[in-house]
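**Student:** The primary structure of each chain is shown beneath.
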Amino acid sequence: MSASKKPARGSVFFHEVVGATAVDPHLEACLQCGTCGGSCPSGNDMEHTPRTLFAMIAAGMRETVLRSNTPWYCVSCYYCTERCPQEVHITDVMYTLKRLAIKEGFSRQSSAAQAPAFSETFMEHVERYGRSFELGLITRYFLRHRPLDTVKIAPIGAGMLRRKRFDLTPRKIRQIDQLQAILARADELERSP
Amino acid sequence: MQYGYYPGCSLERNAGAYHDSTMAVAGVLGLQFTEVDDWNCCGATEFFSVHQMQAYALTGRNLALAADQFAPKAALPVIPVEAAETPQLVAPCSACYLNLSKVDRYLASSPELAAKVNTALDAGGLHYDPGSLRVRHLLDVVVNDAGYDAIAARVQRALTGLRVAPYYGCLVVRPGFQGQFDDPEYPTTLDKLMRVLGAKVVDFPLKAHCCGGHMTQISEDVALELLRRLLKNAAEYQADVIVTLCPMCQLNLDVFQSAVNRRFGTNFNLPVLFFTQLMGLAFGLAPERLGIGKEFVASRPALAKIGTSGEVEQERAVGKRAKRRNDQSLPMPYMPEEEER
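One line per chain: the protein sequences are D and B, in this order.
Letter by letter, the first sequence follows residues 1 to 193 in our numbering.
Letter by letter, the second sequence follows residues 1001 to 1341 in our numbering.
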């Protein structure tokens, strides 16, 4: 939405990223200092550091950026955002890149292919009950998306149940209809801005 | 003091110990927490990754409900409503605190976004004016509103001898969407609080580094390495216990500690407790009321140091500790005026 207000510089993809972020992330202010990558706790495992990714966005390398595992390895800790001398909302940009990658179907092929499945499974439960349902989330996510790892997670689930740290049944909020109406309207707004 | 209280999904069950101990401690300190009626999930870090408007609307509903429930009532027409204080909403979970404060701040900064979110909220007959609530983390309220002196006055069983590594994680101290109550990279409020309770606070350079959040579910390679760094750091400074203020941090460090040990061949044995649990113990409350014992890495051997109950004394001999490092090896920064508290 803020893309139209910006002077016409930067790639088409750059404007797509900025435009898809609800509050202007000041991405044009990035001066390629690399503080973000140097502060990132999972930077080692990323295919591109945030700084590299932003240079690639400016250069219009849409598909490479959206196929990168970098946004999916962002742990949303805001270390980069806190330290950025230009106050770029880096975490918000990463969220936008995740959404665009899902939309294009690129996320399934990246080395972090499981991340969107986890987010989506989490959302399904919240949309149905209004609150997170941990036992259901873990069970469904692992059985559906990582069946071979179920053996590994099972002892943890059993330990959680034994300590009464998992609910056996979901807790539904009273006005779930109201929440669902709000989320449906939000979905319409997202589709036709 | 009256506050709206947003517990969040974790505190309903997996971090039930945090909720129970928060309520117990709030009772002692005279903090009145009233739960937001029919609140929904804050979306954690998941909704923003998939659906932006729904993420804003989801948290928007919580803000709208809370603002309506805790709005200052103009009972006396003499006092204008503006003069009344902005109602405060307390969140004990880092992610809930972040989402509530972030969405309020973003709606205030972008009227365009606020209009959209309110269009969505209108489908449920709700409305939210940005700025109607002041969102605060539980730690902020405890140390700044109740205050260190009032807390010190309630201590009945000082945590003398207990070596505590104060772990803040990321979202409480950064990015501070509604102002920062502590330093974003080297916070100290939790350190001071633990000292007031009589504990020995060890230096913990990684205290504001991230635990990996949901990465334990997505990529063990990333998550276990982050957890290993934190556990190693706390163990090197000979902590008996890690104290935290976030259900996700507690879950990751506690539940996945054995996975870290398996992967790296380490033998970390560091119980992870919520700061409210240690406050409750220092206030002389029964461990059962504070959810002690729900952690995967048992805290009883470490807590035997402060003698919380008869039976734990016996466990002292059984408690195994990770190999300790020579205390002479690392010169520590020292804050004399705080040590004296």
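These are calculated hints, taken from the structure and not from any lab test.
Don't take each hint at face value.
Said to hold, decoys possible - According to the in silico footprint, chain B covers these stretches of chain D (three or more CB under 8 Å from chain B):
#1 113-125
#2 129-137
#3 166-174
Computed from a prediction, not measured in an experiment: that's the story for all the values here.
Quick reminder that beta carbons are idealized off the backbone N, C-alpha and C, glycines included.
**Student:** Please go over all the hints and tell whether each is borne out by the structure.
**Tutor:** Structure-based check of all given hints:
For the region 113-125 of chain D, the proposed coverage by chain B is satisfied: 8 residues have a C-beta within less than 8 Å of a C-beta in that chain, meeting the threshold of three. Only residues whose C-beta sits within less than 8 Å of a C-beta in chain B count toward coverage, and the region 129-137 of chain D has 4 of them, enough to reach three; the restraint holds. Given a C-beta distance limit of less than 8 Å, the hint that chain B covers the region 166-174 of chain D holds, as 5 residues qualify and 3 suffice.
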